[in-house]
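Asker: Starting from the known structure of chain D, arrange chain B on it as the hints suggest.
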Amino acid sequence: MKIYGVAVLSACFIAGQLIGEALGILFHFDGNIGGVGFGMLLLIVLGDWIKKKKWLDAEAETGIHFWSGMYIPVVIAMSATQNVKAALSGGWVALVVGVFATLLCFLLIPLLSKLQKKTDSSL
Amino acid sequence: MDLIPKLFAKNELIIAFLVVGLIMFISVLVSKHLLRNRIPGAAVAITMGLILAYFGGKKGIADMPLFAGMAFLGGSMMRDFSIVSTAMGASLSEIKKTGWVGILSLFIGIAVAFFLGGSIGYFMGYTDIKSVATIGAGACTFIVGPVTGAALGASSDIIAISIAIGVIKTVVVTILTPLIAKRIGLDNPQTAMIYGGLIGTTSGVAAGLAATDPKLVPYGALTATFYTGLACMLCPSLCYFILSLFI
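Protein chains in written order, with my numbering: chain D, 1 to 123; chain B, 1001 to 1247.
Just chain D, same shape as in the assembly (with noise of 0.2 angstroms):
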């Protein structure tokens, strides 16, 4: 049945995001921190366990995949809801950092990815 691998996939989220708001009240600040990121962990770790078991066979998977595959989609539409126009209009300064402060990070990227190759082939 698809919708159980749904339910796992909305266990997983719902978990995620509760662990988050906790965490948001523990350091005392207003909102999520990494609820997302922790649901996506838990779907990692439970999805692979269940599997191994056979809980859950290759359709309800299927549930799982239908909304990954609804990603980019939710990302279109998710582009086409944003203040554009807000962004354009907020002048020179907003222009520049946003622009130059984007660019250093992307400069830092295959920096950081010798690093991590570096520490990966020592150990």
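Among the hints, a few may not be true.
Straight-line C-alpha distance at most 27 angstroms; calculated BS3-like pairs for lysine-lysine [stated by the list, open to error]:
| # | chain 1 | residue 1 | chain 2 | residue 2 |
| --- | --- | --- | --- | --- |
| 1 | D | Lys-117 | B | Lys-1096 |
| 2 | B | Lys-1215 | D | Lys-114 |
| 3 | B | Lys-1058 | D | Lys-85 |
| 4 | B | Lys-1182 | B | Lys-1032 |
| 5 | D | Lys-51 | B | Lys-1097 |
| 6 | B | Lys-1058 | B | Lys-1006 |
Over 10 angstroms on every C-beta distance to chain B, these chain D residues come out as not near it, computed from the model [as the list claims (entries may be wrong)]:
| # | residue |
| --- | --- |
| 7 | Met-1 |
| 8 | Lys-2 |
| 9 | Ile-3 |
| 10 | Tyr-4 |
| 11 | Ala-7 |
| 12 | Leu-18 |
| 13 | Ala-22 |
| 14 | Ile-25 |
| 15 | Lys-52 |
| 16 | Lys-53 |
| 17 | Lys-54 |
| 18 | Trp-55 |
| 19 | Asp-57 |
| 20 | Ala-58 |
| 21 | Glu-59 |
Since the hints were derived computationally from the structure, they do not count as laboratory data. Built from N, CA and C at the ideal position, the CB exists for glycine as well.
Answerer: Relative to chain D, chain B alone:
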């Protein structure tokens, strides 16, 4: 005469499915025939979404009653739910391989955005410390900016600028990622996790990776989702304190 608008309003989510499907269809055609597959269909579709949003208002195209359902389909609940679903099939051993560099990338990403963004703001005439900090926080994400600004008591026009900075970052990341992915070696789970931690804007990271290689989405999104929370804690506290030593 108002049969059609009524029908649209009653079924707004279904209309949104139809609209996104059409956008995707046109984008794939554009990618194939006009761009010779150099820019993937998903990237074209996301850019097209941003262009459409320009013709709307605060909530982009969803400000038009006909397209109100787009706000639900593209809202945070659906976004987070579908992001979590991509984790099915991500491998734990790949994540472990990235290790502490993934966590390091979060701290470096936040520090670089905050201090570089703040410095540019300083040299462009925003010299009081609250404005510098809010502008720097905006360079993290469009959520960190207003959270930090509110915590420090910055003025509302500075907060508006910080949101604008964050949104521009998202737009730049979305469009730039698929174009330079090869050059920065963004083709494996480890680099995707570092990328997510350094860039941090979940929507930009997710959209950028979706357009580059959908298989990488879960890895980038995993680190990116910790960024906003961490930055919201660090920017008004530790980062602000360090800034106060200089200004």
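Asker: Taking the hints in turn, state whether each one holds.
Answerer: Hint check:
1. Lys-117(D) / Lys-1096(B): holds, 13 angstroms
2. Lys-1215(B) / Lys-114(D): holds, 21 angstroms
3. Lys-1058(B) / Lys-85(D): Given that 27 angstroms is the threshold and the Cα spacing comes to 8 angstroms, the pair holds.
4. Lys-1182(B) / Lys-1032(B): holds, 20 angstroms
5. Lys-51(D) / Lys-1097(B): Roughly 22 angstroms between the alpha carbons, so the hint for Lys-51(D) and Lys-1097(B) holds.
6. Lys-1058(B) / Lys-1006(B): holds, 23 angstroms
7. Met-1: Its Cβ never comes within 10 angstroms of chain B, the nearest being 16 angstroms, so this holds.
8. Lys-2: Check passes; 13 angstroms lies beyond 10 angstroms.
9. Ile-3: holds, 14 angstroms
10. Tyr-4: holds, 13 angstroms
11. Ala-7: Answer for Ala-7(D): holds, closest chain B Cβ roughly 12 angstroms.
12. Leu-18: holds, 13 angstroms
13. Ala-22: Per Cβ check, Ala-22(D) is outside 10 angstroms of chain B; nearest 12 angstroms; holds.
14. Ile-25: Answer for Ile-25(D): holds, closest chain B Cβ roughly 12 angstroms.
15. Lys-52: holds, 13 angstroms
16. Lys-53: holds, 15 angstroms
17. Lys-54: holds, 16 angstroms
18. Trp-55: holds, 14 angstroms
19. Asp-57: The assertion about Asp-57(D) holds, with a minimum of 14 angstroms to chain B.
20. Ala-58: holds, 12 angstroms
21. Glu-59: holds, 14 angstroms
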